[in-house]
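Novice: Letter by letter, the chains look like this.
There are 2 protein chains.
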Amino acid sequence: MDSAIFSYIAGFLDGDGSIFFQLVRRKDYVFGYQIRSSIAFYQKTVHAEILHWLKEQLEYGYIRRRKTGVSDYTIVAPKEVEEILRKIQPYVRLKKPHVELGLKILGRLPEVHTVESFLELCEQVDQFKELNYSKKRTNNRKIVEAWLRCKSLYAPVETSSEMKRVLIKNEG
Amino acid sequence: MDSAIFSYIAGFLDGDGSIFFQLVRRKDYVFGYQIRSSIAFYQKTVHAEILHWLKEQLEYGYIRRRKTGVSDYTIVAPKEVEEILRKIQPYVRLKKPHVELGLKILGRLPEVHTVESFLELCEQVDQFKELNYSKKRTNNRKIVEAWLRCKSLYAPVETSSEMKRVLIKNEG
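Line by line, the protein sequences give chains L and P.
According to my numbering, the stretch in the first sequence is residues 1197 to 1368, in order.
According to my numbering, the stretch in the second sequence is residues 1197 to 1368, in order.
Just chain L, with the same shape it has in the complex:
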């Protein structure tokens, strides 16, 4: 596809789009949580045509028409998000740190087979909240760790002094 199209999409995403990662509770997941990646574009439903055009270019994802009069076009499948991030990476400016951190997380995702490496990724997901100035109270590494400990899936023998402090504090 034309590089002008990807640079346009990069500009649109920088202006009014969003790249974010979340830890979503999943009862059927080994580690209890899913690392969910999202690229989202928003627009008043009256202008939703541009979202359909974006979907034609990027192929993946789905468009939702909300009752608030705003529609969004979202891509969540990790492979699809990774492919799109790679394509816009040369052009994106404002969200360059998001793209880099996102690709780092997505690149390691298939290699995550241990609790330790999963928790490391959760920590990188936490960094997204800072990039996005997100104030929403959502799941974070500590919550995932607490769940894993509760299920006896995680019992670190060695902890850094910082982690010890947190654990002591949490356990009262």
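Bear in mind the hints are in silico, worked out from the structure with no lab data behind them.
Please note that the accuracy of each hint is not assured.
A short, non-exhaustive set of chain P residues, derived as facing chain L with CB atoms under 8 Å [stated by the list, open to error]: (1) Ala-1200; (2) Ile-1205; (3) Asp-1212; (4) Tyr-1287; (5) Leu-1290.
Keeping only pairs whose Cα atoms sit at most 30 Å apart, straight-line, the calculated DSS-like set for lysine-lysine is [what the hints assert, rightly or not]: (6) Lys-1240/P <-> Lys-1325/L; (7) Lys-1263/P <-> Lys-1325/L; (8) Lys-1332/P <-> Lys-1292/L; (9) Lys-1263/L <-> Lys-1240/P; (10) Lys-1240/P <-> Lys-1331/L; (11) Lys-1240/P <-> Lys-1283/L; (12) Lys-1240/P <-> Lys-1292/P.
Cβ pair distances, simulated, as ranges [claimed, not checked]: (13) Glu-1296/L <-> Asn-1328/P: 16 to 22 Å; (14) Glu-1296/L <-> Lys-1240/P: 19 to 25 Å; (15) Ile-1339/L <-> Arg-1289/P: 38 to 44 Å; (16) Ser-1214/P <-> Lys-1223/L: 42 to 48 Å; (17) Asn-1328/P <-> Trp-1249/L: 19 to 25 Å.
Bear in mind that the values here come from a model prediction, so they are computed numbers and not experimental data.
Cβ coordinates follow ideal geometry from the N, Cα and C atoms, glycine included.
Guided by the hints, dock chain P onto chain L, whose structure is given.
Specialist: Coordinates of chain P only, in the frame set by chain L:
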């Protein structure tokens, strides 16, 4: 300059920018009003760096840091707005009607020497409010016409039936 940069800027403008025209009261103007053109980009001041980058690329205009925590980068000089609109025209999508109408107005601006042609342009400026779904009560063609009539600068001998209706209605 690189076409990738203009397509990026077109995308950014479509996502979070604005193109608008206004009729601004000017006591020292022959027709009492100025047709002001604007291209504006907005961003939280914490991300104002992107506005400075945009200004480096487009060269014209100025950046304002508002107390609300939002900064804007605005270009208003007609020649400068015209040049920028021409450069982004091939890439812009959502605001294509704005760019086309804007270039139409700006192209005719230097030829406006009569009250009639000025009022015609005012009417095109009114169309911008519809493109932007603007609900703000600002000056429009009818207000300019009223001022021009009051100053005895405009006294149409022939009026269309629609215009007659408006004038009769306005004059009670």
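Novice: If a hint holds in the structure, say so; if it does not, say that too.
Specialist: Hint-by-hint comparison with the structure:
For Ala-1200/P, the interface hint holds, since its Cβ comes within 8 Å of a Cβ in chain L; the closest pair sits about 4 Å apart. Here the hint on Ile-1205/P is kept, as its CB sits about 6 Å from the closest CB of chain L, short of 8 Å. The interface hint given for Asp-1212/P holds, since its Cβ lies 3 Å from the closest Cβ of chain L, which is under the 8 Å cut-off. For Tyr-1287/P, the shortest C-beta to C-beta distance to chain L is roughly 6 Å, which falls under 8 Å, so the interface hint holds.
Of the supplied interface hints, the one on Leu-1290/P holds, with its beta-carbon coming within about 5 Å of a beta-carbon of chain L, less than 8 Å. Taken as a hint, the Lys-1240/P and Lys-1325/L pair is honoured in the structure, with Cα atoms around 17 Å apart against an allowance of 30 Å. The suggested pairing of Lys-1263/P with Lys-1325/L holds, with an alpha-carbon distance near 25 Å, which does not exceed 30 Å. Note on Lys-1332/P and Lys-1292/L: the hinted pairing is violated, with a Cα-Cα distance of about 36 Å set against a maximum of 30 Å.
Only pairs whose Cα atoms come within 30 Å are accepted, and Lys-1263/L paired with Lys-1240/P is accepted, the gap being roughly 27 Å. A C-alpha spacing of about 16 Å is found between Lys-1240/P and Lys-1331/L, which places the hinted pair at or below 30 Å, so the restraint holds. The suggested pairing of Lys-1240/P with Lys-1283/L holds, with an alpha-carbon distance near 26 Å, which does not exceed 30 Å. Among the hinted pairs, Lys-1240/P with Lys-1292/P is consistent with the structure: their alpha-carbon atoms are about 25 Å apart, no more than 30 Å.
In this structure the supplied range 16 to 22 Å is violated for Glu-1296/L paired with Asn-1328/P, their Cβ-Cβ distance being about 35 Å. Between Glu-1296/L and Lys-1240/P the CB atoms are about 20 Å apart, so this pair conforms to the stated range of 19 to 25 Å. Range check, Ile-1339/L to Arg-1289/P: about 41 Å between beta-carbon atoms, so the 38 to 44 Å window is met. The hinted range of 42 to 48 Å is satisfied by Ser-1214/P and Lys-1223/L, whose Cβ atoms lie roughly 46 Å apart.
Range check, Asn-1328/P to Trp-1249/L: Cβ separation about 20 Å, and the 19 to 25 Å hint holds.
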